[in-house]
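**Student:** Residue-level listing of the chains:
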Amino acid sequence: MTELDMSTQETPVTVSVTIDGNVVQARPGELIIEVAERAGVFIPRFCYHPRMEPVGVCRMCLVEVSGPRGFSLQPSCYLHVAEGQEVITNSPKARKAQEGVLEFLLVNHPLDCPVCDKGGECPLQDQTMAHGPGETRFIEQKRHWPKPIDIGPLVSLDRERCIQCARCTRFASEVAGEALIDFAFRSSEIEVAPFALEPFSSYFAGNTVQICPVGALTAPPYRFKSRPWDLEQAESTCEGCAVGCRTVAQSSAGALVRYLGVDVDGVNQSWLCDKGRYGFEAVHASNRLSLPLLNRGEELEESTWHDALLAVSDSVQEALREYGPSSIAFIGGARLTNEDAFAFAKLAKAVIGTDSVDAQLGDGLPAELVLGLPRATINEAVKAKVVIVLNQDLREELPVLFLRLRRSVVEKSTAVIDCSSVTTSLSKYATSVRYVPGDLARVVALISGESNVDALGLDQDQIELAKMRLSAAGLGDGGEGLVIVCGRGDLGESASIVASAAATLHRLFPKARFLSALRRANVHGALDMGLAPGMLPGRVTFEERSDALVRAWGPMPAERGSDAIGTLEAAAQGKIKVLFTLGADVLSDVPDRDLAKRALAKVPTVIAIATHHDSTTSAATVVLPVAGEGERSGTVTNIEGRVAPTTQKIVPPGVSWPAWMVAAEIARKIGSDLGFESLFEISEEIAALAPAYHGVNLGLANSDARREGVVVPVGPVAIDIRSRPLDPIATPGISSVEEQGAPIRLGKTARATLAGDAGLESSGGLQRLVRALGAAPLVVAPRADSYTYRLSIRRTLYDQGTLVQSSSSLAPLRAPFALRVHPQELARLGVKDGEELMIRTSRLAIRVNVIADADLARQVVVLGARAEEAGTFGAFDLIDAQELVVDVRLESI
Amino acid sequence: MITNAAPIVTRRMGYEDSHKLSRYLETGGYDGFKKALTMSREDVADQVNRASLLGRGGAGFPAGRKWSMLRSATTSYLVINGDESEPATFKDHLLVERDPHQIIEGALICAYAIGASQIFIFCRGEFALGLERLQQACNEAYEIGAIGKSIFGSSFSIDLVIHPGAGAYICGEETALLESLEGKRGFPRIKPPFFPAVQGLYGAPTVVNNIETMSNLPWIVLNGGDAFAALGEGSSTGTRLFALSGRVNRPGWYELEMSKTTFRDLIFDPTLGAGVKEGRALKAFIPGGVSAPWFGPGELDLGLDQDAVGKAGSMLGSGSVVVMDESTCVVRAAWRITRFFSRESCGQCTPCREGGGWLEQILRRIEEGKGRETDLDLLMDVCDNLAPGLTWPPQQTTICVLGPSIPSSIASSIRMFRDEYHAHIREGRCPMGSR
Amino acid sequence: MAHLNSENLERATRLIALYPKDRSALIPLCHLAQSQDGFLTEEAIQDIAELVGVTPAEVYGTATFYDMLHTEPVGKYVFAMCTNIACLLNGAFELLEHAQHRLGVHVGQTTKDGMFTIEEAECLAACDTAPCIQVNHRFFGPLAAESFDALVGDLESGRLDDVVPPHGVLSRVERSVGLVADTENEVAR
Ligand SMILES: Cc1cc2nc3c(=O)[nH]c(=O)nc-3n(C[C@H](O)[C@H](O)[C@H](O)COP(=O)(O)O)c2cc1C
Ligand code: SF4
Ligand code: FES
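Protein chains in written order, with the numbering used here: chain A, 1 to 893; chain B, 1 to 435; chain C, 1 to 189.
No incorrect hints appear here.
Only pairs whose alpha carbons sit at most 20 Å apart, straight line, appear in this in silico SDA-like list of lysine to any residue:
| hint | chain 1 | residue 1 | chain 2 | residue 2 |
| --- | --- | --- | --- | --- |
| 1 | B | K20 | B | L129 |
| 2 | B | K191 | A | G67 |
| 3 | B | K191 | A | E86 |
| 4 | A | K428 | A | D853 |
| 5 | B | K184 | C | P20 |
| 6 | A | K142 | B | R365 |
| 7 | A | K93 | A | D20 |
| 8 | C | K112 | C | T71 |
| 9 | B | K277 | C | E94 |
| 10 | B | K34 | B | E143 |
To give a feel for the contact side, a few chain B residues facing chain A, derived at Cβ under 8 Å:
| hint | residue |
| --- | --- |
| 11 | C346 |
| 12 | P351 |
| 13 | R353 |
| 14 | T397 |
Hints listed in this document are in silico derivations from the structure and should not be mistaken for laboratory results.
Remember, it's a predicted structure, so these values are computed and weren't measured experimentally.
Glycine residues also receive a C-beta, built at the ideal position from the N, C-alpha and C atoms.
Could you build all of it, start to finish, from the sequences and the hints given here?
**Tutor:** See below:
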């Protein structure tokens with residue numbers, strides 16, 4: 001099926017066909033195999049995949065179809081239904097054809113099911129059991145291949161098992177857009193092969209393993225880990241990044257062993273990136289916390305919840321007594337569930353009375369902007385006329401969003417304008433505007449046709465081209481049909497510049513929608529729950545707080561608090577006495593490490609609520625272990641504002657608690673009460689008190705609509721969000737798989753009301769704040785002199801982050817830490833590709849290896865966000881949070 | 001009976017230098033094209049319709065009808081199929097090496113009639129000399145203004161590109177050929193769309209015609225479609241270039257008026273095949289390339305006529321006739337042909353990819369004397385899974401007709417020579433001493 | 001980039017210009033690379049991928065589909081010996097036997113001196129000269145043991161050098177012009 005057919009709009013049910021004698025209604029353009037499936041007739045198949053173009057090569061799905069010249073055998077995965085068509089799937093002729101194909105497939109297929117990863121969930125095995133020839137008629141030599149080969153870091157191929165269905169090769173070229181594997185040779189010698197000098201290392205390689213119908217492609221991380229019949233599983237939502245892909249988490253003997261993508265039309269359409277697929281390994285990493293830790297002076301020692309919480313309440317109460325609530329602050333929370341985040345927001349703002357709470361770590365965007373801009377859904381983005389991407393490399397930040405967007409650009413007419421300081425993974429599909437960090441706001445103003453904007457030093461041609469693209473796209477008035485993707489793809493360019501750019505676009509195109517590209521898993525949920533200064537749960541500002549909330553939460557903090565950077569600055573001046581870090585490694589994640597260090601050195605009591613040991617927990621006074629992904633239930637909210645359940649599958653290590661319980665206990669210990677005893681009670685309170693989440697509680701999130709999630713705020717528009725059939729081959733035995741046969745539920749009201757699209761106008765207060773931002777003068781960084789280079793600091797998917805580094809499969813894949821410089825500049829400096837040089841800021845100088853990159857503008861240099869080794873100097877040491885950009889000098893050594 | 005109809009496509013073969021431009025021009029070269037340029041496109045197409053010229057590539061589809069199916073579009077292509085790889089077929093090879101200009105002229109006439117935007121001649125890669133002569137002829141045609149801008153002063157302009165194949169039988173199948181011409185693996189395209197005329201090269205409407213089909217056009221335009229239709233009988237009009245090989249005294253190519261001549265004439269007439277080698281008896285013959293079911297002595301008197309051969313349960317196909325004599329081991333012959341198909345399968349479809357190899361192994365086993373009594377039924381049933389019902393023309397479980405062609409030799413030889421197969425199995429060796 | 005030498009790079013650009021889509025030149029470029037190196041090297045594959053805008057995996061996958069394109073080294077002379085039906089009926093296997101004996105290598109192998117490679121071929125479309133073979137795609141037949149040995153001798157002695165170029169060289173006649181018509185002959189149908 002093409003993206004096009006994935007439309008969630010309801011198409012008229014017009015064609016009527018007869019399948020095995022029963023008349024069935026179908027949409028024009030539907031494939032026979034799909035219609036039959038809906039009618040409860042499951043036609044065996046191997047090469048067909050609902051999210052890829054049918055090729056009809058395996059021939060397993062042959063059925064008799066009536067045509068001008070009578071009945072003939074046709075591949076039901078390829079033929080579209082036609083009015084009056086008659087389909088027979090079970091005639092002797094059809095059966096013989098199908099059983100014939102099955103026998104042919106077995107001719108060269110090894111009989112090693114007992115040792116095959118796929119054994120037990122293998123459609124070929126199942127088909128053979130069901131319809132296969134009793135004993136084989138094949139007594140000749142089977143085709144022999146040398147044993148399995150690793151075709152990529154996370155994929156190995158057993159060519160003897162391959163049935164040449166072309167699912168993997170089609171995925172690589174059609175879906176991922178990087179044909180790193182293809183068929184080689186011919187006839188029965190045909191094999192899937194990468195090019196000898198270029199392994200199959202793709203962020204999306206894991207999908208080929210998932211969709212391989214047999215055990216030909218296997219993933220080293222799962223190999224021999226379990227047998228299908230030992231697997232327990234639960235549908236959940238990936239917390240690898242903020243796209244929120246639907247997954248099924250599978251465990252065996254109490255440990256997570258495999259994640260599979262589940263098909264959600266609006267989000268991942270069954271795909272996952274390898275970070276999301278294998279990141280669960282971090283859950284079982286050796287650096288997991290399992291006991292509370294307490295530092296009574298010398299060093300952290302293992303402790304008990306009782307003592308640890310006592311220490312917390314003592315320090316909190318003392319701080320309140322001596323310095324008042326604003327001496328207490330919270331940083332982090334983007335990896336918590338909504339319920340956890342809500343609990344901490346309430347603890348901070350209602351119980352302790354501080355507003356210095358921030359789920360972001362200075363690496364995001366102002367909360368009022370993220371929450372105030374009109375939201376777009378992913379489906380809206382891929383169907384938009386134009387998508388403007390603001391300095392993001394989406395493949396590195398939000399991989400599956402990149403997949404969806406890339407495909408819509410290739411298969412449909414979506415135009416992408418890529419405003420970036422470097423070439424990104426979308427560039428080759430896009431109209432690109434390259435600029436030097438600091439100029440983003442100017443660039444967007446100019447391409448939107450703003451006059452009286454200084455265009456000095458910008459690439460006129462590129463801007464003109466983008467301008468034409470935009471005006472030629474036929475946008476509706478107010479920029480209807482335009483979607484803007486904005487986040488912090490370049491940490492070298494300050495949030496205020498990106499905010500200025502986004503708000504300006506909003507001013508110029510009030511009808512344009514925005515898709516936030518903040519990447520930490522539940523950052524949007526945390527902000528929604530009020531983990532941001534000046535904000536309250538449900539995307540409302542302090543001023544807008546409802547009486548209901550006041551009644552439930554009591555008095556609110558007297559003064560507006562500060563964001564993460566503000567808090568750290570206050571801390572550095574000794575004004576913060578107690579600092580809670582919520583699953584945030586402040587010392588390595590804040591893009592101004594110098595500030596973070598100075599701050600933490602000055603804070604008497606740092607309370608780290610975390611899942612893993614990291615540089616911040618080791619510097620903390622109290623460390624409280626909490627449950628992580630797969631260990632606790634709740635909901636998370638993705639970039640669209642889609643609320644979906646994350647599900648507990650295993651028990652957390654040691655005595656870790658769900659985070660919300662920690663908040664509740666702390667409240668109790670300081671003589672108050674959050675007012676809820678259970679997860680469900682929290683979700684009830686959210687549904688009642690958080691305007692944007694009105695009516696959206698756990699029960700609902702886990703209801704019938706669970707696979708689609710619920711986009712909040714729930715709109716009035718009722719549209720059909722029918723779920724696509726899953727690919728039973730790729731997701732064996734998942735509850736939703738069994739639903740395949742069931743008729744598609746069209747506009748069923750229960751679902752419909754939940755299905756309202758996003759972008760219900762945000763609260764008036766937020767709109768005012770965003771308008772103010774847009775009305776303010778453009779934020780532009782002054783140009784630097786010709787000896788100065790401007791640093792672009794970019795994340796790669798596999799970096800030094802705790803998640804990746806704690807996943808044994810991913811850790812080795814992290815990108816090398818090196819500075820990319822234009823070759824001519826390297827020549828000027830007399831430094832060769834691969835050598836080291838000194839990179840100097842006003843603060844310090846560090847040595848880095850260089851990589852020549854001719855794609856770069858000459859005055860731009862690029863550094864990965866993460867240090868080579870945690871704890872060593874890295875890009876974040878070069879950033880001064882007060883500056884708009886990072887200007888550096890380069891010196892040879 | 002052999003009529004003395006004058007040769008059409010081989011009329012220059014008498015000359016040593018038939019491939020040279022000078023000789024070509026001396027013998028009326030490009031006159032047909034020049035004449036066509038003075039006619040309207042419709043008239044040219046009409047002449048070809050009147051000639052009711054059947055495609056010579058194997059499928060025997062009327063050329064005129066094919067052209068008329070062309071979807072109207074700003075861009076359309078003409079692709080000449082010169083991949084000739086059907087075993088025992090060597091007529092296009094002859095035409096490429098000995099009369100390349102005639103092919104080019106035919107192609108230009110066709111391109112004019114259908115209003116093509118560009119011509120590609122896909123020539124089998126193994127024809128190194130043929131490629132050189134085609135390219136030479138192409139360069140010369142550009143020089144004399146037969147190809148290029150405002151050709152011969154007319155308003156008609158077109159470019160022609162000689163494209164070398166790289167060795168894969170399946171690329172003769174027109175949609176595989178187009179894939180190959182697009183620089184891809186030669187995977188035949190799944191149907192629908194059924195005709196390149198609807199969706200061909202780069203998705204644009206495209207006419208694919210065989211080299212011999214093209215070679216007939218200059219003559220047809222010069223002499224009129226009716227003159228062509230006057231030759232032959234019924235739907236099989238004109239002359240046709242037959243390739244005779246195997247156990248005959250005078251193997252070679254013979255251009256004969258269709259229908260009038262019989263297989264017996266072709267094989268035994270002293271001026272043609274001149275009989276079976278060493279005076280042996282004819283055991284069987286293949287009437288139209290190895291995709292065609294075999295015939296026995298009983299069918300010798302059939303005319304070289306598309307419909308007649310079709311009715312008799314086989315096909316004239318690519319017009320190549322292979323003679324087997326009494327010393328021939330039919331199992332070995334069937335095995336070698338089957339191995340050909342299994343090697344040349346593109347590998348997309350399970351039945352063809354796996355079935356071909358399986359059948360080949362069974363046949364080899366029988367030939368080597370390791371056959372089992374059950375093997376013949378097994379062979380027939382596996383064949384049935386490739387061509388359900390083993391009817392003629394065959395039904396198929398695959399994307400293209402290579403799959404269902406595999407059973408042709410096997411099923412027909414088993415039907416005709418069951419005893420010889422049994423003898424192999426019984427005696428545990430080849431009774432013919434494997435020849 | 002640039003394993004292909006400069007003349008061949010120019011040829012490559014001219015070839016690509018002949019087609020509406022670059023990828024169509026993929027196979028001609030593979031032939032070109034083989035004419036330079038005798039077979040299709042990994043470096044050439046990378047060049048071609050870059051030239052026509054596909055991945056090396058796609059070039060490799062496409063090239064290996066075709067019998068004439070070799071991704072492994074072969075001899076200076078490749079004997080393609082047909083054993084298909086017409087040749088079979090006229091002693092092709094016997095000739096193949098002899099050839100393997102004479103050259104001391106099996107089908108698919110190359111003589112130690114790197115001179116000769118034997119391949120079993122499918123029908124070469126020269127059945128009237130059965131049993132026939134090709135040497136670097138130049139035809140010879142009908143052949144018997146003696147005439148085969150003589151052929152080997154001629155090749156070794158270089159007597160056939162202008163008839164049989166080294167393996168990989170296909171057409172020695174180059175196209176003399178690029179595209180000139182620049183037209184779309186539109187017709188109402
Ligand atoms: C397996 C297979 C191989 C074929 N090989 C050739 C071939 O070598 N030459 C050819 O002209 N047609 C061949 N054909 C037929 C072509 O598909 C197509 O029908 C023909 O080129 C059309 O030209 P025509 O109408 O002039 O005959 C082959 C078909 C199949 C199924
Ligand atoms: S039938 Fe055989 S040759 Fe034809 S497409 Fe299928 S696999 Fe390829
Ligand atoms: S041919 Fe239909 S599923 Fe493979």
